[in-house]
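Undergrad: Heads up: the protein sequence lines correspond to chains A and X, in order. Residues 623 to 737, numbered by the working numbering, are exactly what the first sequence covers, in order. Residues 62 to 175, numbered by the working numbering, are exactly what the second sequence covers, in order.
Don't take each hint at face value.
Stated by the list, open to error - Quick list of in silico lysine to aspartate or glutamate cross-link-like pairs, EDC-like style, CA-CA up to 20 Å: (1) 114/X with 140/X; (2) 690/A with 637/A; (3) 118/X with 623/A; (4) 64/X with 83/X; (5) 114/X with 83/X; (6) 659/A with 99/X; (7) 627/A with 653/A; (8) 676/A with 706/A; (9) 64/X with 664/A; (10) 627/A with 120/X; (11) 627/A with 99/X.
Hints listed in this document are in silico derivations from the structure and should not be mistaken for laboratory results.
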Amino acid sequence: DQQVKQNSPSLSVQEGRISILNCDYTNSMFDYFLWYKKYPAEGPTFLISISSIKDKNEDGRFTVFLNKSAKHLSLHIVPSQPGDSAVYFCAASASWWTSGSRLTFGEGTQLTVNP
Amino acid sequence: DVKVTQSSRYLVKRTGEKVFLECVQDMDHENMFWYRQDPGLGLRLIYFSYDVKMKEKGDIPEGYSVSREKKERFSLILESASTNQTSMYLCASSFPWGPPLEQYFGPGTRLTVT
Numbered sequence: 623d624q625q626v627k628q629n630s631p632s633l634s635v636q637e638g639r640i641s642i643l644n645c646d647y648t649n650s651m652f653d654y655f656l657w658y659k660k661y662p663a664e665g666p667t668f669l670i671s672i673s674s675i676k677d678k679n680e681d682g683r684f685t686v687f688l689n690k691s692a693k694h695l696s697l698h699i700v701p702s703q704p705g706d707s708a709v710y711f712c713a714a715s716a717s718w719w720t721s722g723s724r725l726t727f728g729e730g731t732q733l734t735v736n737p
Numbered sequence: 062d063v064k065v066t067q068s069s070r071y072l073v074k075r076t077g078e079k080v081f082l083e084c085v086q087d088m089d090h091e092n093m094f095w096y097r098q099d100p101g102l103g104l105r106l107i108y109f110s111y112d113v114k115m116k117e118k119g120d121i122p123e124g125y126s127v128s129r130e131k132k133e134r135f136s137l138i139l140e141s142a143s144t145n146q147t148s149m150y151l152c153a154s155s156f157p158w159g160p161p162l163e164q165y166f167g168p169g170t171r172l173t174v175t
């Protein structure tokens with residue numbers, strides 16, 4: 623079963639507007655979450671993360687929000703730029719202090735930012 | 062900068078062949094991972110290793126094996142390639158504990174089995 627789900631396979635936004643990518647999880651043991659970005663023919667690169675003790679983490683144009691009660695997180699990109707066009711993967715780790723760095727990934731969302 | 066390299070970017074093999082995919086990292090990371098990426102399925106973990114000569118099955122280990130003889134090198138082996146193993150294969154490495162927990166990925170190997 624898919625423990626991390628990204629229900630939107632694709633998202634298209636205009637340059638300068640906000641992009642919101644969503645991710646839901648089912649495993650209540652997940653307590654650390656990451657977002658990765660992937661360009662075609664390249665490996666994923668780490669973007670931003672959040673621990674379950676927080677509900678928000680910001681890094682420049684990127685902000686991740688975590689709603690533990692809803693088992694939902696989202697990535698906001700403001701303002702969106704054409705170079706942000708990529709596949710975005712949500713990932714989660716359960717009890718990292720025992721499982722080490724093993725991650726469970728979602729299906730990915732293709733973001734297209736139109737000039 | 063962390064560097065994870067994979068031996069081939071593109072590979073074409075025939076059904077039944079034995080296939081080796083090699084991965085090397087230069088950051089002295091204890092943990093190494095093999096994933097496959099398929100459209101609509103995201104990244105699925107095949108095997109991982111948290112130390113030399115140690116390995117753990119991931120979510121989809123069937124049809125694959127791995128080898129880790131040196132800390133920096135992690136190999137994925139397809140004992141008898143099949144067409145349903147056509148995929149993008151991604152290797153990653155990380156420190157064992159965190160946070161941060163991020164894994165560093167190689168560029169991927171696009172394997173086609175005909």
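Undergrad: Hints numbered earlier in the text: which of these fail when held up against the supplied structure?
TA: Numbers 2 and 8 - these are the hints that the structure violates, sorted from lowest upward.
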